[in-house]
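As given, the protein sequences belong to chains A and B, one line each in that order.
In terms of the numbering used here, the first sequence is residues 1 to 165.
In terms of the numbering used here, the second sequence is residues 1 to 427.
The hints are simulated quantities; they were obtained by calculation from the structure and are not laboratory data.
Possibly wrong hints are sitting among the right ones.
Once the Cα atoms are required to be at most 30 Å apart in a straight line, the calculated DSBU-like pairs of lysine-lysine come out as [said to hold, decoys possible]:
1. A:K85 <-> A:K68
2. B:K148 <-> B:K69
3. A:K6 <-> A:K23
4. A:K6 <-> A:K30
5. A:K37 <-> B:K65
6. A:K23 <-> B:K343
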Amino acid sequence: MAGSVKVVRRPEEQASYVRAVSKGMGITLKHLLNPRKVTQQYPDEKWELSPRMRGTHRMATHEDGRAKCVGCGLCPTVCPVNCIKLVPAEDENGERYAAVYEIDEFRCIFCGFCQEVCPVEAIHLGAHYENAEYSRERWVYDLERLTALDHPVTALWDPSDPASE
Amino acid sequence: MDPISGGAFVAAAAIKVVTFFVLLLVFVALSTYFERKIAGFIQDRSGPNRVGPLGLLQVAADGLKFILKEELTPAGAHRFFFFLAPVLALVPATVLFGVIPFAAPLPTPWGLVEMIVADVPIGFLYVLAIGSLGVYGVVMAGWSSNSKYSFLGGLRGSAQMISYEIGLAMSLVPVLMLTGDVALPEIVAAQQNFGPGSGSYGAWFALPLMLSALIFVVSGLAETNRIPFDLPEAEGELVGGYHTEYSAMKFGMFFLGEYAHLITVSSLITVFFLGGWDIPFWRGDDIRVLADGTVLGNPAWWITLLTLGSFTLKTLLLVLFFMWVRWTIPRFRYDQLMDLGWKVFLPILMVYIMGTGVAVYALDTAGVPVGLRYTAILTALNVAAVGLLVWGMDRGALVRGATARTRHPAATGGRMAPPPAAGSEAE
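Based on the provided sequences and hints, a complete structural model is requested.
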């Protein structure tokens with residue numbers, strides 16, 4: 001069996017209540033006077049997020065503001081929970097684009113497969129997590145909303161550098 | 001200056017009632033804030049800090065919440081007693097505050113005003129009588145809620161209160177033996193220093209009656225139903241104990257009652273054992289109104305303020321001490337609670353009362369005048385008694401763990417200890 005169980009013998013007849021209590025009071029006093037608190041004042045101070053944090057999606061854009069998505073259909077195919085809705089279309093120059101691109105962030109499990117599979121690095125996950133809404137409909141992010149987001153995008157895992165160093 | 005009398009006395013009494021009632025409620029509210037702050041600090045958190053500066057307005061937010069929440073009455077509850085219980089939990093604690101002397105007498109143009117709401121000549125008996133009324137709120141709440149857990153809490157409350165009322169009352173007997181009076185201002189005066197022949201001991205009774213003070217503090221903890229004696233509430237075992245079924249302001253009354261009780265017990269400890277409003281090592285605050293109306297010492301308004309500050313500081317420190325204890329010590333088991341009350345405190349106090357009586361008689365017979373030397377001898381005797389108790393009786397006798405009764409299986413090679421032989425009494 002791996003590991004071992006440490007058996008702590010309880011002090012029996014010879015336990016001193018007064019001494020044990022004094023010791024406990026000493027410990028709590030030490031913590032009472034200790035100015036270093038572990039609480040993080042959340043809305044005021046925020047966590048420093050890992051560069052690989054997988055949060056809310058965002059869509060990368062060209063310089064002229066068009067979404068980079070070419071409507072290839074890989075992300076809705078790879079998505080394990082089927083939360084991406086994509087309707088591809090073709091413009092007058094023969095370039096494909098996404099006529100409808102919606103991600104249901106409520107259903108998304110933030111696995112990051114869509115980002116990994118994207119051939120043109122259009123869809124990304126990002127370091128963002130504060131997305132409370134008043135209705136479920138508002139959780140479905142459309143293309144306009146996805147392109148408007150500007151948080152840092154998730155760094156993908158690099159197989160040649162597995163520990164991200 | 002003569003003590004105040006006539007219409008001015010009535011006016012002064014009314015002002016005192018209103019002022020000190022409001023002050024008490026303010027301190028009750030503040031102590032809920034302190035409790036949460038201390039809980040936070042002890043657990044390395046920051047405590048309430050969002051509402052107002054340093055979170056001080058949290059108190060107001062809580063109060064508002066209590067008032068606005070929906071009030072529920074469980075089906076089958078006895079409505080009248082269900083309503084009466086929270087009142088009975090809060091009122092005795094506040095009424096008790098009426099006999100506590102706060103400060104040195106205040107000189108006014110109309111006469112000398114004693115800083116006590118009601119100078120009842122039976123002060124000590126009043127304290128015990130009203131103090132034990134508090135348990136009726138607990139019992140009544142437990143019974144009228146029509147809930148098993150509440151009922152268990154109420155039962156525990158009544159048993160605990162009876163056990164510790166005895167410790168509380170008997171630990172005050174030595175105080176009465178030294179002062180020879182039951183009125184609380186006299187007890188405060190006896191701890192001051194009016195010089196030889198005045199019957200004052202010149203030291204706080206926590207020194208010459210150290211053992212009494214210790215037992216009174218522990219019994220006081222039990223009396224306020226606070227951890228480690230919070231068996232009637234016992235959150236982990238009985239949901240919320242006697243107030244499980246209460247909501248909104250009715251629960252708020254229990255909540256306020258608990259803190260009012262805490263402050264009252266702290267101020268009682270201050271009066272009986274920490275010299276009341278006395279400022280140590282200073283003779284200027286030794287002011288006393290004798291029964292015939294003569295005034296010893298020189299009262300002044302600033303002395304009144306200073307002594308009020310001294311009283312508040314002592315009480316506040318005791319309140320903080322109780323909170324510190326609450327967030328350190330785990331709850332006693334029920335049998336430990338009963339053992340401590342009946343098998344430890346009761347016999348110790350009986351012996352102690354006898355011992356104090358013998359010591360006082362011996363000192364009087366030997367012709368030692370009441371004063372500092374008298375106090376020093378008693379203090380030495382008490383230090384010896386407390387040392388004997390802590391080092392001689394503590395191990396396995398004061399509070400016994402479960403393993404001390406039946407040997408732990410691990411100690412007997414994995415088998416439980418054999419059952420006691422027939423005829424021999426189990427411990």
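**Report entry** Hints violated by the structure (listed by number, smallest first)
**Finding:** When the structure is compared with the hints, none of them turns out to be violated.
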